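K.L.:
Each chain, written out:
Protein chains: 2
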Amino acid sequence: MLNIAVMGYGVVGSGVVEVLTNHAEKIAKKAKEEINIKYILDLREFPGNPLEARFTKSFDDIVNDDEVKIVVEVMGGLHPAYEYTKRCLEAGKSVVTSNKELVAMKGAELLALAQQKNLNYLFEASVGGGIPIIRPLSQCLAANDVIEIAGILNGTTNFILTKMIREQMSFEAALALAQQLGYAERNPAADVEGHDSCRKICILASLAYGKHVYPDQVHTEGITKLTLEDVEYAESWGGVIKLIGRVKRDEKKKLQIIVCPMFIPRESQLANVDDVFNGILVRGDSTGDVVFYGKGAGKLPTASAVVADVIDCVKHIGARKYLFWSDGSSDYVEDYMLDTVSMYVRVRIDNVDLAYHNASRVLGGITRLSRKDAPAGELAFITESMPEKDIHKKLDALKELGVEAVSMIRIGDV
Amino acid sequence: MLNIAVMGYGVVGSGVVEVLTNHAEKIAKKAKEEINIKYILDLREFPGNPLEARFTKSFDDIVNDDEVKIVVEVMGGLHPAYEYTKRCLEAGKSVVTSNKELVAMKGAELLALAQQKNLNYLFEASVGGGIPIIRPLSQCLAANDVIEIAGILNGTTNFILTKMIREQMSFEAALALAQQLGYAERNPAADVEGHDSCRKICILASLAYGKHVYPDQVHTEGITKLTLEDVEYAESWGGVIKLIGRVKRDEKKKLQIIVCPMFIPRESQLANVDDVFNGILVRGDSTGDVVFYGKGAGKLPTASAVVADVIDCVKHIGARKYLFWSDGSSDYVEDYMLDTVSMYVRVRIDNVDLAYHNASRVLGGITRLSRKDAPAGELAFITESMPEKDIHKKLDALKELGVEAVSMIRIGDV
Chain P
210 MLNIAVMGYG VVGSGVVEVL TNHAEKIAKK AKEEINIKYI LDLREFPGNP LEARFTKSFD
270 DIVNDDEVKI VVEVMGGLHP AYEYTKRCLE AGKSVVTSNK ELVAMKGAEL LALAQQKNLN
330 YLFEASVGGG IPIIRPLSQC LAANDVIEIA GILNGTTNFI LTKMIREQMS FEAALALAQQ
390 LGYAERNPAA DVEGHDSCRK ICILASLAYG KHVYPDQVHT EGITKLTLED VEYAESWGGV
450 IKLIGRVKRD EKKKLQIIVC PMFIPRESQL ANVDDVFNGI LVRGDSTGDV VFYGKGAGKL
510 PTASAVVADV IDCVKHIGAR KYLFWSDGSS DYVEDYMLDT VSMYVRVRID NVDLAYHNAS
570 RVLGGITRLS RKDAPAGELA FITESMPEKD IHKKLDALKE LGVEAVSMIR IGDV
Chain W
210 MLNIAVMGYG VVGSGVVEVL TNHAEKIAKK AKEEINIKYI LDLREFPGNP LEARFTKSFD
270 DIVNDDEVKI VVEVMGGLHP AYEYTKRCLE AGKSVVTSNK ELVAMKGAEL LALAQQKNLN
330 YLFEASVGGG IPIIRPLSQC LAANDVIEIA GILNGTTNFI LTKMIREQMS FEAALALAQQ
390 LGYAERNPAA DVEGHDSCRK ICILASLAYG KHVYPDQVHT EGITKLTLED VEYAESWGGV
450 IKLIGRVKRD EKKKLQIIVC PMFIPRESQL ANVDDVFNGI LVRGDSTGDV VFYGKGAGKL
510 PTASAVVADV IDCVKHIGAR KYLFWSDGSS DYVEDYMLDT VSMYVRVRID NVDLAYHNAS
570 RVLGGITRLS RKDAPAGELA FITESMPEKD IHKKLDALKE LGVEAVSMIR IGDV
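Chains P and W are the protein sequences, given in the same order. For the first sequence, the tail end lands on 623 under my numbering, and the numbers increase by one without skipping. For the second sequence, the tail end lands on 623 under my numbering, and the numbers increase by one without skipping.
I should point out that these hints are in silico values taken from the structure, not numbers from a laboratory. Check the hints yourself; a few may be wrong.
Heads up, the list lumps identical chains together, so a pair's fine if it works in one copy or across two of them.
[Claimed, not checked] Listed next, the in silico DMTMM-like pairs over lysine to aspartate or glutamate satisfying Cα-Cα at most 20 Å (straight line):
1) K295 x D536
2) K530 x E242
3) K238 x D536
4) K326 x D562
5) K278 x D251
Quick caveat: nothing in here was measured; it's all calculated off a predicted structure.
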């Protein structure tokens with residue numbers, strides 16, 4: 210019998226306990242050992258809970274108990290999760306987590322500590338909820354050079370965008386519905402501003418390229434400024450708007466990494482990822498495009514990913530899974546303004562024909578878009594591919610001519 | 210340095226050598242050991258090949274060399290791959306393979322032998338080519354009860370169906386094109402008759418439910434009888450025809466497993482899997498639907514999956530990956546005639562109205578389908594769900610009334 214502790218009895222934590230309890234026999238068979246939840250750390254009381262006696266409010270109970278070999282950290286947030294994880298690893302306990310914020314911020318440090326102690330620090334559940342992605346990326350695609358990763362990594366924003374696209378709901382109305390259905394928090398900033406997607410693409414990029422990239426190194430835009438006009442123009446262009454986290458590596462081995470809404474062509478496998486689902490495309494040099502699709506969040510999907518890591522951890526007590534990346538550096542990420550993109554631009558202007566003429570002259574070959582029932586004074590077009598800074602420079606010049614962009618969205622090539 | 214041998218220098222074998230050579234440094238880092246190809250077994254000559262000196266025509270060279278720790282079996286076919294694999298395992302060498310025929314026929318026996326010898330027998334590349342599926346199914350989804358697996362498992366037939374659906378090519382013309390492009394063999398029976406898909410769903414089912422199911426236990430239908438009429442009716446129904454391998458387990462723990470063309474609704478994630486791509490849907494009780502998508506065949510995708518297994522094997526020399534299922538039994542698979550399905554039926558008959566009247570009377574509520582430019586004397590409909598044997602019984606009764614089905618296709622609920 211192997212003793213574990215679960216830190217945090219929120220949505221994911223209670224799901225972990227539920228999965229471990231309901232599938233106990235099957236899991237014991239897979240892990241070749243019975244797994245016993247010795248402690249559950251939570252500051253709240255859970256009177257009547259079948260495991261009431263296992264609850265503790267003291268982290269010391271866990272860290273000082275040598276019988277506890279694996280600790281599941283599903284508290285979320287940076288503090289005290291970071292300190293607790295460190296102390297657990299220092300005390301010789303492997304740690305399994307779903308905490309994307311912590312992995313994205315402190316992954317390199319915690320992985321190094323785990324390595325030094327010959328322990329495991331596993332986080333399959335931190336990206337894509339129940340979708341297997343961390344292990345396939347590190348193991349199955351090990352013989353590939355990863356050319357690119359692009360993903361719809363946040364279910365809440367994808368739900369909102371789906372409602373805007375399919376039902377012509379405004380952003381505000383779709384967000385309100387998402388909150389009503391429990392998909393979005395009362396304070397939805399982490400989702401709609403793109404921070405959650407940013408943490409996840411940082412984890413995938415760190416793993417794929419072996420060096421930590423930190424969230425504050427990544428240019429991140431959310432979906433709060435998207436309008437139904439933009440959604441309609443995306444459709445007339447032949448695609449949909451999705452919030453994408455994307456990373457590539459350039460010839461100087463610097464990362465091109467960004468989180469932002471993108472126009473995605475209808476034929477892309479990511480274009481059909483709707484509602485609260487996530488989709489992650491990994492482009493390998495040998496394997497070509499591989500796409501992973503499923504529910505990116507939710508109690509049981511996330512919990513089942515955590516428990517799969519616990520099983521793996523039990524099977525590898527005393528051995529290490531190879532899951533590692535080194536510290537990052539401040540010059541590791543290329544300025545996104547240097548990335549080559551093509552851009553959707555929408556302007557409001559009295560004289561549309563003159564504006565189109567000027568835009569063509571300043572920007573070079575542009576492709577004009579149309580939409581049904583467009584009001585007078587609206588012009589939308591796609592620029593050619595060029596370094597993003599050049600687009601901005603040209604749009605500034607266009608502004609001098611009285612033509613100001615009210616909306617700009619990058620064109621995704623995935 | 211760790212020595213391996215590659216048996217078979219065909220498409221996959223030469224790809225394995227290519228990937229191991231081109232990514233040598235990266236792979237050594239991942240495996241924490243340099244990998245050396247000591248032998249390549251092939252009966253042909255490869256003069257001028259950079260590894261010419263490593264080629265051998267004698268299996269004994271490999272099996273008798275104690276320095277060879279891992280053997281890659283990419284010969285394909287049952288014999289002598291089976292005998293060679295057995296002898297390698299008996300001689301203390303782990304084996305990595307892409308040979309779906311062998312795994313589907315002899316997996317339980319070879320896994321038991323590997324276990325007994327404390328070796329690994331790995332076969333990620335046997336299903337889905339470069340798509341990670343074996344490892345995610347056995348590890349990441351370990352905390353799930355697998356409710357169902359349904360997949361488009363054969364790229365050749367999916368290419369043919371895509372051409373029929375998108376470009377209204379006949380089956381024969383699409384097959385000829387597939388052969389011309391090198392997607393289909395000169396003798397395409399294994400693909401178009403569904404045998405290849407059958408082997409793959411057998412492997413997935415054996416792994417997911419822990420007990421071997423053999424190809425000859427699975428009712429298998431190919432795509433050779435599909436016509437453009439059926440393709441059009443599928444569209445008017447709201448979907449597409451795909452060749453699906455599907456397995457579920459019923460309450461008696463018997464398998465419901467089948468390979469056949471199915472009507473798949475347009476909203477299904479499998480409906481958008483086109484051309485030579487594969488898509489595999491795994492429905493878990495905790496994780497919900499997870500879909501894996503990518504190239505299911507091809508030299509480099511398959512080779513990269515083989516090499517990923519080799520890396521895993523090197524890291525686990527002396528330890529075992531948990532990958533196992535027990536022997537099958539003759540009563541393990543439920544008679545597919547007892548499975549509940551709803552069926553698309555097309556008939557040719559002079560008096561369509563009378564036929565519809567009779568079909569409704571005999572079969573109960575049927576849903577009539579229409580298509581543009583349907584000739585006189587054509588009737589197509591969808592039956593209600595019922596055990597398949599009842600559908601056949603009722604269709605026999607209908608035949609007595611002079612209404613004979615010329616086409617029947619099951620409706621998929623994935």
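K.L.:
Next step is simple, just say for each hint if it's right about the structure.
P.N.:
To see whether the hints hold, each was checked on the structure:
| no. | hint | verdict |
| --- | --- | --- |
| 1 | K295 x D536 | within (16 Å within a copy, 45 Å between copies) |
| 2 | K530 x E242 | both (18 Å within a copy, 15 Å between copies) |
| 3 | K238 x D536 | between (37 Å within a copy, 17 Å between copies) |
| 4 | K326 x D562 | neither (68 Å within a copy, 78 Å between copies) |
| 5 | K278 x D251 | within (19 Å within a copy, 49 Å between copies) |
Of the numbered hints given earlier, the model fails hint 4 alone.
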